[in-house]
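Peer 1: Generate coordinates for the entire structure from the input sequences, incorporating the hints supplied.
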Amino acid sequence: MIMLPAYPNPFNPSTVISFDLSDADMVSLDIFDIAGRQVASLISEYMIPGSHQIVWNPGQLSSGIYFVKLIAGNTSLNQKITYVK
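Position 33 of the sequence shown, counting from 1, maps to 32 under numbering that gives the first Met the number 0, and the rest follow consecutively.
Any given hint could be a false lead.
[Said to hold, decoys possible] Simulated restraints, written as ranges between beta carbons of each label pair: (1) Y45 x N11: 15 to 25 Å; (2) P12 x Q78: 17 to 27 Å; (3) P4 x I47: 16 to 26 Å; (4) V54 x D22: 18 to 28 Å.
Note that these hints are calculated values from the structure, not bench results.
Yeah, the Cβ is synthetic: ideal placement off N, Cα and C, and Gly gets one too.
Peer 2: Laid out in structure tokens, this is it:
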């Protein structure tokens, strides 16, 4: 599994989170704030191999640093993103 850099980053109003899966697997994609609280769950489903793109629009959340956590099977990847209003 590969997670590409979110684009744009910093972002407003939305960013695209892209990742590639080499095998079909159960995938979860969650967003956490700087305090470690989960603020969004974007994916929690079985996905097929290939390239995937998910758009995240934080809506009314505050500007700041957020963390993307992508889990597929036993692999976990993290990425820092910055939301600016």
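Peer 1: Which of the numbered hints above does this structure break?
Peer 2: The structure conflicts with hint 1 only, although it agrees with all the remaining ones.
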